[in-house]
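> Now for the letters of each chain:
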Amino acid sequence: MNYDERLKHVSVLGAAGKMGSGILLLTAVEMADISLKPENKGKTFVLNAIDLSDDGLAGLMDYLRVQVQKIAEKKAVMLRQLYADRNDLIENFDIIEQYVIDVLRIVRPTTAIETSYRSNLIFEAVSENKDLKVKILKQIDTNNPNQAWFFTNTSSVPIHIIEDEAGLKGRVLGFHFYNPPAIQKLVELIVTANTLPEATQFANSYAKALRKVVVPSNDFAGFIGNGHFMRDALHGINQALELANTIPLTEAIYKVNKVSQDFLVRPMGIFQLIDYVGVDVVQFIMKVMNPFLATEDLHSDLLDKMMELGVKGGQLSSGAQKDGFLKYEKGSPVAVFDSKAGDYVAFDSFSAKSDEQLGALPNSFKPWKTAVKIAGNETHFGPYFEEMKTMKTEGAILAIRYGKRSDAIGRQLVADKVAHNDQDVNTVMLTGFFHAYGPINSFFE
Amino acid sequence: MKRKIYMTAGYNTISMGTGRKEFNPRKERPGLEHYISEAGKGVLNQIGGADNVDESFIGNFMAARFNKQGHIGGFIGMIDPGLEFKPAMRVEGACGSGGLALVSGIRSVLSETADVVLAMGVEVQNTVKAIYGADILAGAGWYQKRKNSHAYFFPGQNSDRAGAYYEKYGYDYTRKGMGKWFCNDMENARLDGTAQEFHNSTPDLEGMYHGMKPNGKTFVDHLNILDCSKVSDGASGIAIASEEGLKRIGVDKKDAVEVIGWAQLTRNITNDPPNMLELTTVKKAAAKALENAGISIDQVGTIEIHDCFSIVGVLGVEALGLAAPGKGAEFITEGNTSRTGKIPMNTTGGLIGWGHPTGATGVHQAVTIWQQLTGKAGNAQIDITPEKPYGMTINMGGDDVTIAAIVYKRGI
Numbered sequence: 084m085n086y087d088e089r090l091k092h093v094s095v096l097g098a099a100g101k102m103g104s105g106i107l108l109l110t111a112v113e114m115a116d117i118s119l120k121p122e123n124k125g126k127t128f129v130l131n132a133i134d135l136s137d138d139g140l141a142g143l144m145d146y147l148r149v150q151v152q153k154i155a156e157k158k159a160v161m162l163r164q165l166y167a168d169r170n171d172l173i174e175n176f177d178i179i180e181q182y183v184i185d186v187l188r189i190v191r192p193t194t195a196i197e198t199s200y201r202s203n204l205i206f207e208a209v210s211e212n213k214d215l216k217v218k219i220l221k222q223i224d225t226n227n228p229n230q231a232w233f234f235t236n237t238s239s240v241p242i243h244i245i246e247d248e249a250g251l252k253g254r255v256l257g258f259h260f261y262n263p264p265a266i267q268k269l270v271e272l273i274v275t276a277n278t279l280p281e282a283t284q285f286a287n288s289y290a291k292a293l294r295k296v297v298v299p300s301n302d303f304a305g306f307i308g309n310g311h312f313m314r315d316a317l318h319g320i321n322q323a324l325e326l327a328n329t330i331p332l333t334e335a336i337y338k339v340n341k342v343s344q345d346f347l348v349r350p351m352g353i354f355q356l357i358d359y360v361g362v363d364v365v366q367f368i369m370k371v372m373n374p375f376l377a378t379e380d381l382h383s384d385l386l387d388k389m390m391e392l393g394v395k396g397g398q399l400s401s402g403a404q405k406d407g408f409l410k411y412e413k414g415s416p417v418a419v420f421d422s423k424a425g426d427y428v429a430f431d432s433f434s435a436k437s438d439e440q441l442g443a444l445p446n447s448f449k450p451w452k453t454a455v456k457i458a459g460n461e462t463h464f465g466p467y468f469e470e471m472k473t474m475k476t477e478g479a480i481l482a483i484r485y486g487k488r489s490d491a492i493g494r495q496l497v498a499d500k501v502a503h504n505d506q507d508v509n510t511v512m513l514t515g516f517f518h519a520y521g522p523i524n525s526f527f528e
Numbered sequence: 101m102k103r104k105i106y107m108t109a110g111y112n113t114i115s116m117g118t119g120r121k122e123f124n125p126r127k128e129r130p131g132l133e134h135y136i137s138e139a140g141k142g143v144l145n146q147i148g149g150a151d152n153v154d155e156s157f158i159g160n161f162m163a164a165r166f167n168k169q170g171h172i173g174g175f176i177g178m179i180d181p182g183l184e185f186k187p188a189m190r191v192e193g194a195c196g197s198g199g200l201a202l203v204s205g206i207r208s209v210l211s212e213t214a215d216v217v218l219a220m221g222v223e224v225q226n227t228v229k230a231i232y233g234a235d236i237l238a239g240a241g242w243y244q245k246r247k248n249s250h251a252y253f254f255p256g257q258n259s260d261r262a263g264a265y266y267e268k269y270g271y272d273y274t275r276k277g278m279g280k281w282f283c284n285d286m287e288n289a290r291l292d293g294t295a296q297e298f299h300n301s302t303p304d305l306e307g308m309y310h311g312m313k314p315n316g317k318t319f320v321d322h323l324n325i326l327d328c329s330k331v332s333d334g335a336s337g338i339a340i341a342s343e344e345g346l347k348r349i350g351v352d353k354k355d356a357v358e359v360i361g362w363a364q365l366t367r368n369i370t371n372d373p374p375n376m377l378e379l380t381t382v383k384k385a386a387a388k389a390l391e392n393a394g395i396s397i398d399q400v401g402t403i404e405i406h407d408c409f410s411i412v413g414v415l416g417v418e419a420l421g422l423a424a425p426g427k428g429a430e431f432i433t434e435g436n437t438s439r440t441g442k443i444p445m446n447t448t449g450g451l452i453g454w455g456h457p458t459g460a461t462g463v464h465q466a467v468t469i470w471q472q473l474t475g476k477a478g479n480a481q482i483d484i485t486p487e488k489p490y491g492m493t494i495n496m497g498g499d500d501v502t503i504a505a506i507v508y509k510r511g512i
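Read top to bottom, the protein sequences are chains A and B.
All residue numbers for the first sequence refer to this note's numbering, where the first residue is 84 and numbers rise by one.
All residue numbers for the second sequence refer to this note's numbering, where the first residue is 101 and numbers rise by one.
Do not take every clue at face value.
Said to hold, decoys possible - EDC-like mimics (lysine to aspartate or glutamate), calculated; alpha carbons at most 16 Å apart, straight line:
no., chain 1, residue 1, chain 2, residue 2
1, A, 388, A, 421
2, A, 158, B, 358
3, B, 347, B, 358
4, B, 247, A, 168
5, B, 247, A, 177
6, B, 317, A, 156
7, B, 245, A, 171
8, A, 221, A, 247
9, B, 245, A, 180
10, B, 229, A, 180
11, B, 229, A, 177
12, A, 153, A, 113
Keep in mind that the hints were calculated from the coordinates and are not lab data.
In this text, all values refer to a predicted model and were calculated from it rather than measured experimentally.
Assemble the whole structure, with the sequences as input and the hints as a guide.
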């Protein structure tokens, strides 16, 4: 079965979810492009969008229509050539409209999992729950005569466990998109000892067609991305708790968030990132990873407490940020959660004092937005962190400590053979987390 | 000409679109009514009100598609009740519509049916994304050829012209001239508060231009977006008057420009351009306008040329006879067309810097020349010397199809 044939009948499980909808969009567009090739004329391509929620599927189709139109508008130059033989399609408007129709006609929204029994390829993007994943994949495989391949989007469960428990020997691999899949360039590719070479080869071709950057990760819980992020987040949380011995926890969280964003020049502070991913998701992923870690305890009481209080962060379906550790107005944090009082404390009421205690940023500071665009930016960050090291302010000390820890986490991932090399760790953090510089560097030595 | 024709009381709205700080494509914006009204009132306020106007013409290209609105002449009466129940009509010649409004006004005054004409132009284009705007603007070409044309129709046409020029005279040589043209436009736009690129503060324009290589996969083969005019919302207006008309509106001749020659020529739209390296219709129209004016190009002190693309700037100086074929790029690179050069062109930014609200552009050009020749150009003012007292506008519709060329001098 060649690449095109493999993509002739595909299912996405959890298609109406945040990750599933993106995977569905990208796959639908790729399948449509293949179906429009002259050699595939007359062949029917099917993409089942499977989800439990009827409402979710209705919303998915709206999302798809809008997104496919945007994609079509961007590639109108190419589409004019693709539809060159269609004399009825003259204006860009006609061509774009036809392309949207051609993509959508491939997609079959359904709540019936049975539709996947005829697929050759199945993307799994259901909840991050090992038992649920195993149960569904096993059920499909039992009923599907095609020896289908299963690409799971799990961000934390080891693939070989899914492989064993669902009885999918060699036919499952981890294909971990980053959120949102339609925009994020990174894909972590995780194979087991048994994964068929042709499945890996297909996965690479598919990723390339989607213009994704593939980073291979070894099959350890959390892989590279969450392997780094979870430990980095735990460091941030523990730093805040340590500071809270002498100042209120709210102020400590504010400080660590500011240090991790401004001093370390990241796109967002660590507590904002936890909120972005979701307090619940972070807690859950740590819980999934922890049993696999022999020498460390990846767990935070503070996260448990936040969950008990029902403060979860995450995003609304509109993409707006929900309140978590921090409270947001127009996407920007303005207050911090006081777990004792059960309410938010406005930054304004203490930030001037905290900022003074942290001290000024180095003179050579450039905000993330600017720094990330500097080609070969080690020439900027080298001197920037050198300057920081000469400063004895609380902010500089916390930042250097944070940078060292982040570097150590990265190196440990390589030492533990989760990542093949330093570069892969850095690529994941640069591409998947939009860091301006890789965590493994020489800035903090 | 059997009567003296003057233009005065010019007015431009802001050219709105990308580049302006206040432009937000996600927010609702003013429509045709706003721009027509502002520009119309801007003229009426300088000529003693609507009662002094005998007739009106308004140039507009494609409101029927950009705004789902036809019958633009009907909006003249909206500007002021004093314009209602008087002759008013919309004229259309693609991006040359504004020039046709001017020519129509001139003809009315010449034919003595009017002593004061309100000539306007308007276009509101930011209602659709550029990729659909390209469909609409492609209406300036022959629709029978649309199927096999580029997604970005006009950039595609001019990319072909640029490609032909590169091939004959060299890529680097040509890009140098086109880049200089772009820089001139940006620098001039920064001096005019109504220009779309007024807020432009790019420190190294030349570096930016040459750093952006044409990419046919996402746009067109031989142009980058900096080679292209802006997508704009805006309107312009000017009064066209006889000597009696000027008296009626109380404007002194020195505050007006006199039209001393003009030509309006149109090429067969169903034919391809006879020569990709020449703007044949521009060449003929400019020569005829100069001949009618009884002057040579060397006596012209400033020119507004229809630089919808930087390559049109290059071909334009050749069509005007300022440079021999193949020497246009060099002529520009040497600084001859910059605001301190031998023949300053597009002194408020042209279509690339000031903006290109298509149906309004021809009128905007006349407003700029009026400003420059009467010393009203503010920060954008250039020196007009007694040796070269004339101004000229070249407005173009389509790919060198509908041309209006007008020669002016300050009233005395």
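> Now look at each hint and say whether the structure bears it out.
How the hints compare with the structure:
Under the criterion of a C-alpha separation no larger than 16 Å, the hint pairing residue 388 (chain A) with residue 421 (chain A) is consistent with the structure, at around 11 Å. Of the pairs offered as hints, the one joining residue 158 (chain A) and residue 358 (chain B) is violated, with about 49 Å between alpha carbons and a cut-off of 16 Å exceeded. About 14 Å separates the Cα atoms of residue 347 (chain B) and residue 358 (chain B), which keeps this hinted pair within 16 Å; it holds. Between residue 247 (chain B) and residue 168 (chain A) the CA atoms are separated by roughly 10 Å; this keeps the pair inside 16 Å, and the hint holds.
A C-alpha spacing of about 11 Å is found between residue 247 (chain B) and residue 177 (chain A), which places the hinted pair at or below 16 Å, so the restraint holds. Our distance criterion of 16 Å between C-alpha atoms is met by residue 317 (chain B) and residue 156 (chain A), whose separation comes to about 13 Å. A C-alpha spacing of about 13 Å is found between residue 245 (chain B) and residue 171 (chain A), which places the hinted pair at or below 16 Å, so the restraint holds. With a C-alpha separation of about 10 Å, the suggested pair residue 221 (chain A) and residue 247 (chain A) falls inside the 16 Å cut-off, and the hint holds.
Distance restraint check for residue 245 (chain B) and residue 180 (chain A): the Cα-Cα separation of roughly 20 Å exceeds the 16 Å cut-off, and the hinted pair is therefore not satisfied. The straight-line distance between the Cα atoms of residue 229 (chain B) and residue 180 (chain A) is roughly 14 Å, inside the 16 Å bound, and the hint therefore holds. Annotation: proposed proximity of residue 229 (chain B) to residue 177 (chain A) holds, straight-line Cα distance about 14 Å (limit 16 Å). Note on residue 153 (chain A) and residue 113 (chain A): the hinted pairing holds, with a Cα-Cα distance of about 15 Å set against a maximum of 16 Å.
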